[in-house]
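The listed protein sequences correspond, in order, to chains S and U.
Under the numbering used here, the residue at position 158 of the first sequence is numbered 158, and the numbers go up by one with no gaps.
Under the numbering used here, the residue at position 250 of the second sequence is numbered 250, and the numbers go up by one with no gaps.
Please note: incorrect hints may appear among the correct ones.
Stated by the list, open to error - According to the in silico footprint, chain U covers these stretches of chain S (three or more CB under 8 Å from chain U):
1) 124–134
2) 224–230
3) 244–251
Calculated directly from the structure, the hints in this document are not laboratory data.
None of the values given here were measured: they were computed from a predicted structure.
For glycine and all other residues, C-beta sits at the position ideal for the given N, C-alpha and C.
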Amino acid sequence: MRTIVCLKVVPRPEEVRVNLEAKTLERSGVRSVINPADLNALEIALALRDRHGGRVTVLSMGPPSFEPYLRVALAVGADEAVLLSDRAFGGADTLATSYTLAEGVRTLGGADLVVCGEESSDGGTSQVPQGIAEWLGFSQATYVDSLEVPVVGTLRARRVLEDGTETLELPLPAVVSVLGGANEVRFIDYDRWSMAQQASVRVIDAAALGADPAALGLKGSPTVVAGLREVRKPGRRREVLTLAPEAAAARLAEELRRLGVAHA
Amino acid sequence: MTAAGAVWVYAERHGESFRPVSLEILGHARSLASELGAPLVALTVGSGEGAANELARYGADEVVAVDHPLLVRYDTKLFTDLLEHELRDADPSVLLLGATRDGQDLAGRIAVRLRTGLTAHVTSLEVNAEKHLVGWVPGFGGGIEAGVVCPNRRPAIVTVRPGVFVAPTPQSIPGAVRFVRPPIDDRAFGTRRVAFELKGTSVDLTRSEVLVVGGRGTDGDFARLQRLAHLIGAEVGATRVATDSGWVERERMIGQTGVVTRPKVAVILGASGAVQFTVGIEKAGFVIAVNRDPDAPIFESADLGVVGDLAPIVDRLVKDLAEA
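In isolation and in its complexed conformation, chain S is listed as follows (with noise of 0.2 Å):
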C-alpha cells in the first residue's frame, strides 16, 4: 500500500508575537515544530505499513526551512520526504492548499492511502484533507483515531463524533483526517537518525508540478483578508491580587460566594 503523509511545519504559537501599530505577526526568530496532529497522522501510517507493508512518504509545503522537519519524520520511520517548495505556492487559503497538495499527490504518482492531521495548530481550518479528497476525487474519513485494512481495497475508519463514535468503510483510494492525540507517536530510532541527516529531501517546484498557475498560492486563493482589527476584549475589572495561597483562596471563596455559585 502507497501511503501519503501531509505534513505541516507550524510556529510554536507562544513564541509568536504580535505587533499592533503595525498589525502584522512577527515570526522572525521563532522556534517551529512538526504540527503535532500530523504526528499521530504520520504513526497510524507507519502502524499500517507495520502491519501490511507498503510504503509511506511524508509530503509538506514550504519553504526549504522545512527540511530539517521531513528528515524527523524519516527518523521516526517514514521511507520518504517530499517538500513543495516555490514562491508561487505563498499565500495560499485552503482552496489553493489543498489543489497544492493535490498536485503533489499526482505528481508522486497518485497513492492508496493520504493521511492528514485533523488541522494545524495554527491556521486551524481543518478544511484541508477534505479538500485533497475532492481535488483527487477520493473517498474520505476525517476525525478519525484508528484505521484498518479489512480487505485489501478497503479502508476501516473510526471517527469521532459528538455523541460517539461511527466506524466506516469506505473505498481506497482514500484521504483520513486522523485526531491529535489519537495515538502515541513512537520514538526517534536512533539507527534511523544518521540516515536520514543523509538522506535526500526531494524538492518539487511550481514547474515540476505542471499545476495550473492560476490556481497555485495567493493567485489561486477566493478569500482575502480584508482587515486586521484588535480583538475587542470586554470590559474586565482587571483586578489583580498576588497573596498566599491561604488569603488567595479566601479572597476566592468569598468571591464565588458573592457570585452566588459557592454556599455562604
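Use these hints to put chain U onto chain S, whose structure you have.
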C-alpha cells in the same frame, strides 16, 4: 425557486431535530440577510417532514428540505452531491455551516467541489461597505483578528463554532417549506456504516452556567479541578494544550477550535490567555483567573486575577468551600 444571491444556512439534523449551532447561525443570518438585501434560506438534508416544518419557524424565508427515507445518517459523498445540486441551481451568495464534525467534513468538501472560498471558525460575521460578508478569525499570538472576505466567487462558505450566536425564539407563523425528493438508493452512499457507539454522557459547555477551566499550568492534574467544579456546580473545560495533551476529552475544549461559552462565572486555572482561548470565554459574566505568571495575558480577560501557584490555592479553596 429561490432568488440567486440568497444567504443559505445548512441546518444539520440531529435525530428528529437539529444541531443547536445550526439554529444559532440561522438567528444571526436573519440580520445578515437583511443587510445584504437577500432572502434567507435554510437547507436541510434528512428524512421526515416534521423536522423540516419545525425548522421553518426559525426565521428563514424558505426552508429547502432534501428529504428521503434513506437520509438517516451523514455521508460525505451523498451529502456533497445533494448540496452541490441545490447550490448550483440556486446560486446563493453565502453558505453558513455549523463547525460540527460532520459540518466541517461537508464544508471542506463542498467548498472545493464549487471551487470557492471557505473561512473556518469565525467568531463574528459582518457585512462591509461593499456588501461582502466579512468573517472575523482570531490570529495567533493574541490581540489581533483577521477579517476574511471571498469577493469574487460564490457562495462564500463560512463555518461557525457552537455558542458564537444565540438561537432565535421559534415563531408561531412558519416560513415556506420546499421539499426536494432526490432519486437515491444505497449506491449513492460513499461509505458503509458498520458500527455506531453512542457515548454515555455528552458534554455541552455552551449551556453551562459555571465553568472551571484548566490550561497548561495544571500539569494535567484535572482531578484537582474536578473537586473544585463539584463544589461550585461547575462543568470542567480546558484549553487546547490540555485537550491535545489528552488530560481531558476533546469536547471540553474552549476557544476558537473548541466551543464559545457563556457562563455566569468562569474560573480559569493555569491558562496563559492566548486569544484563541479567550474568544471562548469573552461572553462570560464574571471571569476569575489564577496564574503563576504576573504578565500572563489571561489577566487582561479577567475580572479578578490571582498571581500564584494554582495547586496550593485550589486545594485550600476546596477545603474552605467544603467546610463551609
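Cβ contact check, 8 Å cutoff: the stretch 224–230 of chain S against chain U, three residues minimum
holds (count 7)
Three residues or more, CB to CB closer than 8 Å: is that satisfied between the stretch 124–134 of chain S and chain U?
holds (count 10)
Within 8 Å of chain U's CB atoms, at least three CB atoms from the stretch 244–251 of chain S: coverage verdict
It holds: at least three residues are needed, and the stretch 244–251 of chain S offers 7 whose Cβ sits within less than 8 Å of chain U.
Of the hints listed earlier, there is not a single one the structure fails to meet.
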